[in-house]
Amino acid sequence: EDQVTQSPEALRLQEGESSSLNCSYTVSGLRGLFWYRQDPGKGPEFLFTLYSAGEEKEKERLKATLTKKESFLHITAPKPEDSATYLCAVLIKAAGNKLTFGGGTRVLVKP
Amino acid sequence: DAGITQSPRYKITETGRQVTLMCHQTWSHSYMFWYRQDLGHGLRLIYYSAAADITDKGEVPDGYVVSRSKTENFPLTLESATRSQTSVYFCASSESLPLGPPTDTQYFGPGTRLTVL
Numbered sequence: 001e002d003q004v005t006q007s008p009e010a011l012r013l014q015e016g017e018s019s020s021l022n023c024s025y026t027v028s029g030l031r032g033l034f035w036y037r038q039d040p041g042k043g044p045e046f047l048f049t050l051y052s053a054g055e056e057k058e059k060e061r062l063k064a065t066l067t068k069k070e071s072f073l074h075i076t077a078p079k080p081e082d083s084a085t086y087l088c089a090v091l092i093k094a095a096g097n098k099l100t101f102g103g104g105t106r107v108l109v110k111p
Numbered sequence: 001d002a003g004i005t006q007s008p009r010y011k012i013t014e015t016g017r018q019v020t021l022m023c024h025q026t027w028s029h030s031y032m033f034w035y036r037q038d039l040g041h042g043l044r045l046i047y048y049s050a051a052a053d054i055t056d057k058g059e060v061p062d063g064y065v066v067s068r069s070k071t072e073n074f075p076l077t078l079e080s081a082t083r084s085q086t087s088v089y090f091c092a093s094s095e096s097l098p099l100g101p102p103t104d105t106q107y108f109g110p111g112t113r114l115t116v117l
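Protein chains in written order, with our numbering: chain A, 1 to 111; chain B, 1 to 117.
Bound conformation, chain A alone (with noise of 0.2 Å):
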């Protein structure tokens, strides 16, 4: 079956303190995976697509990597602002279009 696990389900950072979150998978055949911010109250908003493994994106802050097992989104030095739940979600070929999302992790920056 299909799986995707995120950890830590929560994460408490101080400002400045950079950490990882962590996406990992067990898909017959990735196409594509998806990591998305979602505000309280909130739909998710997109972020990255990642492909193939050893791909890597960024944003600010923000930076995404992928192996053939997991995906890390690396949070640099972090801002009160980067506080929200980080949804992954994986697009896999013999599912069509369909999403298939991870339970979050919900990042927390204390000034």
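No lab work stands behind these hints, which were simulated from the structure alone.
It is possible that some hints are incorrect.
Said to hold, decoys possible - In silico lysine to any residue, SDA-like type, Cα no more than 25 Å apart, as pairs:
#: 1; chain 1: A; residue 1: Lys42; chain 2: B; residue 2: Pro61
#: 2; chain 1: A; residue 1: Lys59; chain 2: B; residue 2: Gly63
#: 3; chain 1: A; residue 1: Lys98; chain 2: B; residue 2: Asn73
#: 4; chain 1: A; residue 1: Lys69; chain 2: B; residue 2: Lys70
#: 5; chain 1: A; residue 1: Lys93; chain 2: B; residue 2: Ser80
#: 6; chain 1: A; residue 1: Lys79; chain 2: A; residue 2: Lys98
#: 7; chain 1: A; residue 1: Lys63; chain 2: A; residue 2: Thr49
#: 8; chain 1: A; residue 1: Lys98; chain 2: B; residue 2: Gly63
#: 9; chain 1: A; residue 1: Lys59; chain 2: B; residue 2: Ile54
#: 10; chain 1: A; residue 1: Lys98; chain 2: A; residue 2: Arg61
#: 11; chain 1: A; residue 1: Lys93; chain 2: B; residue 2: Tyr10
#: 12; chain 1: A; residue 1: Lys98; chain 2: B; residue 2: His29
#: 13; chain 1: A; residue 1: Lys93; chain 2: B; residue 2: Arg113
#: 14; chain 1: A; residue 1: Lys42; chain 2: B; residue 2: Glu95
#: 15; chain 1: A; residue 1: Lys68; chain 2: A; residue 2: Lys79
#: 16; chain 1: A; residue 1: Lys110; chain 2: A; residue 2: Gln14
#: 17; chain 1: B; residue 1: Lys70; chain 2: B; residue 2: Val116
#: 18; chain 1: B; residue 1: Lys57; chain 2: A; residue 2: Glu45
#: 19; chain 1: A; residue 1: Lys42; chain 2: B; residue 2: Tyr10
#: 20; chain 1: A; residue 1: Lys79; chain 2: A; residue 2: Gly29
#: 21; chain 1: A; residue 1: Lys42; chain 2: B; residue 2: His29
#: 22; chain 1: A; residue 1: Lys69; chain 2: B; residue 2: Gly63
#: 23; chain 1: A; residue 1: Lys93; chain 2: B; residue 2: Thr5
#: 24; chain 1: A; residue 1: Lys42; chain 2: B; residue 2: Arg113
#: 25; chain 1: A; residue 1: Lys42; chain 2: A; residue 2: Thr5
#: 26; chain 1: A; residue 1: Lys42; chain 2: B; residue 2: Glu59
#: 27; chain 1: A; residue 1: Lys98; chain 2: B; residue 2: Ser7
#: 28; chain 1: A; residue 1: Lys69; chain 2: A; residue 2: Lys42
#: 29; chain 1: A; residue 1: Lys98; chain 2: B; residue 2: Thr13
#: 30; chain 1: A; residue 1: Lys110; chain 2: A; residue 2: Ser18
#: 31; chain 1: A; residue 1: Lys98; chain 2: B; residue 2: Leu117
#: 32; chain 1: A; residue 1: Lys59; chain 2: B; residue 2: Pro61
#: 33; chain 1: A; residue 1: Lys42; chain 2: B; residue 2: Asp53
Keeping the supplied structure of chain A fixed, place chain B upon it in accordance with the hints.
Same frame as chain A, but now just chain B:
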């Protein structure tokens, strides 16, 4: 550019009533999706549509009905609401190239919080 909108944003209804959640997108995206988000389950796909008049089931379709008579609208109907359908509902869309698959990235609306009493 309005993007993707959902209405209503909040809805309280009673068990057994019919409820319709609306989704409208201004990008002319071919693909549209309905998800529900619950604590402990994350985001789960209910139904999706590849184009007008083409719909298909997702992971949790029971108790829901969809239609897509126009490209820009994708309403979700709960024919007889149950308490287990209390959730936050998100609509999403993605574009596709002519005669090809979607370009993968799904863009989400702001959500509808539905409470069934």
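Hints, verified against the model:
no.	hint	verdict
1	A/Lys42 to B/Pro61	holds (23 Å)
2	A/Lys59 to B/Gly63	violated (40 Å)
3	A/Lys98 to B/Asn73	holds (19 Å)
4	A/Lys69 to B/Lys70	violated (40 Å)
5	A/Lys93 to B/Ser80	violated (35 Å)
6	A/Lys79 to A/Lys98	violated (33 Å)
7	A/Lys63 to A/Thr49	holds (11 Å)
8	A/Lys98 to B/Gly63	holds (20 Å)
9	A/Lys59 to B/Ile54	violated (36 Å)
10	A/Lys98 to A/Arg61	violated (29 Å)
11	A/Lys93 to B/Tyr10	violated (35 Å)
12	A/Lys98 to B/His29	holds (15 Å)
13	A/Lys93 to B/Arg113	violated (32 Å)
14	A/Lys42 to B/Glu95	holds (21 Å)
15	A/Lys68 to A/Lys79	violated (30 Å)
16	A/Lys110 to A/Gln14	holds (5 Å)
17	B/Lys70 to B/Val116	violated (28 Å)
18	B/Lys57 to A/Glu45	holds (24 Å)
19	A/Lys42 to B/Tyr10	holds (12 Å)
20	A/Lys79 to A/Gly29	violated (36 Å)
21	A/Lys42 to B/His29	holds (21 Å)
22	A/Lys69 to B/Gly63	violated (35 Å)
23	A/Lys93 to B/Thr5	violated (29 Å)
24	A/Lys42 to B/Arg113	holds (10 Å)
25	A/Lys42 to A/Thr5	holds (22 Å)
26	A/Lys42 to B/Glu59	holds (22 Å)
27	A/Lys98 to B/Ser7	holds (23 Å)
28	A/Lys69 to A/Lys42	violated (29 Å)
29	A/Lys98 to B/Thr13	violated (29 Å)
30	A/Lys110 to A/Ser18	holds (12 Å)
31	A/Lys98 to B/Leu117	violated (31 Å)
32	A/Lys59 to B/Pro61	violated (36 Å)
33	A/Lys42 to B/Asp53	violated (29 Å)
The structure is inconsistent with the numbered hints 2, 4, 5, 6, 9, 10, 11, 13, 15, 17, 20, 22, 23, 28, 29, 31, 32 and 33, although it conforms to all the rest.
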